[in-house]
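Peer 1: Read off the chains here:
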Amino acid sequence: MKRIHINEQYCIGCRLCEIYCQVKHSKSKKIIKAFKEEASDMMSRVLVEEIGSNSFAIQCRHCIDAPCADACISGAMTRNDNTGVVNCDEEKCVGCWSCIMVCPYGVIKRDVKARRAASKCDLCIDEEVPVCVANCPNEALKFCEDKNE
Amino acid sequence: MSENVINPKEIKSGYLIIGNSTAGLAAAASIRKIDGQGSITILTNESHSNYSKPLITYYLAGMLGLDKVFFKDSSFYRKNNIRLVCNANVYDVDPAKHEVTADTGKNEPSVFSYYKLLIANGGRPAIPSIKVTELSGKMSELSELMTASKDIKSVKKPGIKKINGVFTLTTLDDAISVKKYIADNKISSASILGGGLIGLKAAEAFLELGIKINIIEFSPRILSASFDESASDIITGKIQDSGSNVLTNSTIENIFVDDSLNISGYQLRSGKKVPCTLLVIAVGVSPATSMLGRGKDILKIDSGITVNEYMQTSEPDIYAAGDIVNSFDKLSLKSKNIAIWPLAVKQGSIAGTNMAGGRQKYGGGFFMNSVEILGVPVISIGLSSAQDNEAENIKTYKNYNSQKNIYRKIVVKDNKVVGAILAGSIERAGIYAGLISNEVDITDIKDNIAKEDFGIIQLPAGYRKHLVVGDGIEV
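Protein sequences appear in the order of chains A and B. Heads up: take any position in the first sequence, counting from 1, add 4, and you land on this note's numbering. Heads up: take any position in the second sequence, counting from 1, add 377, and you land on this note's numbering.
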């Protein structure tokens, strides 16, 4: 499957990935409207970590042996065997936060803004390239086949 | 689903699984991955085809409908060609004959034979010894009047009356009964005996329904087994602020009932009498081994069923997984009963693989849990209670923001994380679980370990690379 690869050395911490991720997952999908009117409901599913000049963006790794799916008590978090995408069905999620407790990357968020549900990267399944990758100016994020699979 | 199939006196079955919760279903799924042909039969003593036990309090709270408590969709059994037998009360496991006997509500007991058996029927709630006093002065024992809902046989026994308004809360039927009782009796306050995780899950549901609660806890504080004093205090404060009560160092000595066995109140150890119309007993859950019958004397049992690293019991053709087993605890390096969902899934899946002829080892696990009370999420991982922290070579790193009610404590032993508590803000808690699992040396990052913004970027470069290589990061 195609995965998002992180290249720490090219990341400048501009956080455009976070901005485009929020817009993509907003109601209106329009950048100005989203940030002016929906800001209180928005949450980025990609996370930029930064210390000094060192930074990188990290989002769900879509693990093959996904601990979040094992820990999920409601059947909301599942890995699609065909696409390889680990997805949270926010309708089914009850907000028990077991997934947050077990994700070793810390990339699942507790969303109590729009609804009480776990929020994570869905790999922008309806896009050819995830928006965080498409809008990274430096190719610090790349979307490509994993050679190991 | 297929109750009508169990007619013949003896039913031949390749794989037999006792228990239809997450461990049993994970096992069935991994058996099917290897063996597409062998028959799989699952026995459950419940009437529901499948539901998630941790969801019952969400149903009780009105957050989920009955149609949403299922964690596998109904096609799971059909797709995997699994036969499910509901209302099957197993009361004997005979390892010599490879037979399991159950009461299935028919005149004659049903006998199920197996090639490989998985015991995954979880735990059952403990009923403490409490006197029950009727108006007439007649006294009896609570455990005699309260039959856990699983014990269908004894409920049917004539002459045994059931106490009204006193419940355990570990099955969907329990939750349905409590919900109906609340509606029928317009309950506005409830008492919970036991301030552990099950008690707190019940509290969470009642508070969501606007029902005021009294929590009665034997220890000096609630959640004493899995949280430290600061985390307990945050939760206690939140409950008290909502107008409810937390009573510690206390217990119920006597329950008062009217002539129809309806609860009217109880007496605390201090002698104080409290009126009460709804009482939930949540003092603990223990492995449900009593249904093993003859198997109980044959299988090696030490509180839970003892298993090896292949999830195999002392009998080679019998495996066990989930809340009923004592399994390897990575932190104490001992065999322990760690009754939590993620481990049940892992153990069930490994047991299934090995039952079908695969060879997979269970690497062990450790305790962890997550609760949210009145909007305050709390996660506890590994060694985190006060007793744990008195052990040798333990160092704790704390961070408490009283303004925001955010607390974080990381427990370190020999330069490795062995426990964590996060209250108020639980973001990225799993990073600590990962550090524990992978036994990462944190000598160089100690100063940052309990900070609110602690993240992957602080981790040692070597571990960061290990974490990310393979599943796709290059750092």
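FYI, nobody ran anything at the bench for these hints, they're computed from the structure. All residues carry an ideal CB built from backbone N, CA and C; glycine is no exception. Among the hints, erroneous ones may be present.
Under the rule of at most 27 Å between Cα atoms (straight-line distance), these lysine-lysine pairs were calculated in the BS3-like manner [claimed, not checked]:
#1 K449/B - K113/A
#2 K823/B - K781/B
#3 K823/B - K117/A
Label-pair distances were calculated between CB atoms; the ranges are [what the hints assert, rightly or not]:
#4 G614/B - K40/A: 34 to 40 Å
#5 F39/A - Q414/B: 47 to 53 Å
#6 E41/A - Q414/B: 55 to 61 Å
#7 I35/A - I822/B: 53 to 59 Å
#8 T820/B - Y14/A: 28 to 34 Å
Peer 1: If any of the earlier hints don't hold here, list their numbers in rising order.
Peer 2: Of the numbered hints given earlier, those the structure breaks are 3, 5, 7, listed in rising order.
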